[in-house]
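With the hints as your guide, set chain B onto chain A.
Protein chains in written order, with my numbering: chain A, 1 to 433; chain B, 1 to 143.
The set of hints was computed from the structure by calculation and includes no laboratory data. Check the hints yourself; a few may be wrong.
In silico DSSO-like pairs for lysine-lysine, Cα to Cα no more than 30 Å straight-line [stated by the list, open to error]: (1) A:Lys386 <-> B:Lys60; (2) B:Lys22 <-> A:Lys410; (3) B:Lys122 <-> A:Lys386; (4) A:Lys379 <-> B:Lys4; (5) A:Lys379 <-> B:Lys110; (6) A:Lys415 <-> B:Lys60.
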Amino acid sequence: MIFNEKEECMLPDEMKELQSNRLKNLVNRVYERVPFYKKKFDEIGLKPEHIQSIDDIEKLPFTKKVDLRDNYPFKLFAVPMEEILEIHASSGTTGKPTVVAYTKNDIKLWSTVMARTIAGVGGTSKDIVQNAYGYGLFTGGLGVHYGALELGAAVVPVSSGGTKRQLMLMQDFKTTILTCTPSYALFMAEEAREMGIDPAKTSIRIGILGAEPWSDGMRKEIEKIWNIQAMDIYGLSEIIGPGVSFECQGKCGLHISSDFFYPEVIDPKTGKHVEEGEKGELVITTLTKEALPLIRYKIGDIVSLDYSPCPECKRTLPRMSKVAGRTDDMIIIRGVNVFPSQIETVLLQVEGAEPHYLIVVDRQHSMDIMEVQVEVNEKVFSDEVKNLENLSGKIKKEIESVLGIMVNIKLVEPKTIERSMGKAKRVIDKRKL
Amino acid sequence: MKLKQLSIFIENRSGRLAEIAKLLYEQNINIRALSLADTADFGILRLIVNDIAKAHDILKEANFTVNETEVLAVEVPDKPGGLNGILGILSEENINLEYMYAFVEKSFDKAILVLRFENIEKAIEALKKHDINILSGEQVYNL
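With the rest of the complex left out, here is chain A:
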């Protein structure tokens, strides 16, 4: 089903005109309202009137994650606080979170793109959505929630965790769509079997799974175990949250709502566009967002874009490939973005701890687990067990408070973590993604 055929199946010329008008409007808005952008434009001698069409987008400077951090918390907002309805935050790279905000129109936009998403993967107003994405500062829970409301589906805002309760509600309410991370879908299936429930026989017919990378193999496994259509969705808080792109029932790439989020794929080294269909870094401009408009935001995910007609549906929205990697060392654990530098910052704050560490990520019983190995040097070493346990407990607590996810700390002997001349290998990812 297509939520809004007029918008999602626009002719290329119409779309270009719409995007051009929205871009012109956006550029004027940020130049007037966001000192950060005015300064950036002035530095390269760019005036808003230099942007006349979407084809001029390459004249605009990029925005990076570090810019959000440098302007913490509210300095990139383009509207006064009275117009803001909602503020979210995700873990940041140096302890300070990345802050995003929404006006009334932004929430409307979010509702629209998420309604497109739920409809796109096969949902209708008859569905009962069991929303097991976390509600809170994380944008997953509320994003799906708004989309379900907009579509007219019933939503059960169960949030993440409490697997036994999830399964009870699923059976009693006969929920039909499950939204969560792919790894949680697998974990939930294991729990179901332990409770004597066959996941294939539940009323769930569609899984809306995202917020972490997953392979086609994992999709097939989830589809078989649950007897459902397992659909991929994509998004990030800085752009909107979930709702940037979604699969239609053909599962042939993720349609980007390019009338709102203009996508480019660049060579991360040169910043120039790659040929259509080639892999590169995804860059998105939020064409209509009011509270936190972003110009050419460098996301760091490696994807390719396909503008050819969709073999499955009538949508003209371009399709992006599954994320094929990152331009930086970011890893996603249980839907949370983790940068190794965050671990380093914590260790530097713990008195005497070595900044030599290794992150080992693994998947056990379908759940991501993260272990941080830390070297014990003479400064922190004690002949008493309790002191070392206090040390690892302190590191654990600090890391968990920065990342918001559980970690295990393993103290290791000095010099056991490989030193390298160039970029140190900080992450071992044993998950089969």
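Same frame as chain A, now just chain B:
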């Protein structure tokens, strides 16, 4: 009066203890007493040896994390009640003991306790008050 003990951090990996024993053997270091504290992930080996400085260098050279800590060695009669006597004194004097280990010396009828205290000075004072024989470093290293 105070005794120097080496503490070594060891990961729970097979063969690590054997490596330390080999290193010390090759350099002719004699271990006088030892104890191993272990947790799920790591262990702490505590050693009293005949040549602390040399053993420290050897282990450090081999990339082990090594600390020196001060402990006390006391003699107690090698018979039932020997340990009880000393612990009674410590409890009476309100001295906090972090850990201890014991060994029996073959040439005389005493047992030797190695004790690690939160406050070593206070412990010395209390033990002296009760006429407990605290062994000197030389006595223990050369046992």
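For each hint, the structure was consulted:
no., hint, in the structure
1, A:Lys386 <-> B:Lys60, "23 Å, holds"
2, B:Lys22 <-> A:Lys410, "26 Å, holds"
3, B:Lys122 <-> A:Lys386, "22 Å, holds"
4, A:Lys379 <-> B:Lys4, "18 Å, holds"
5, A:Lys379 <-> B:Lys110, "37 Å, violated"
6, A:Lys415 <-> B:Lys60, "12 Å, holds"
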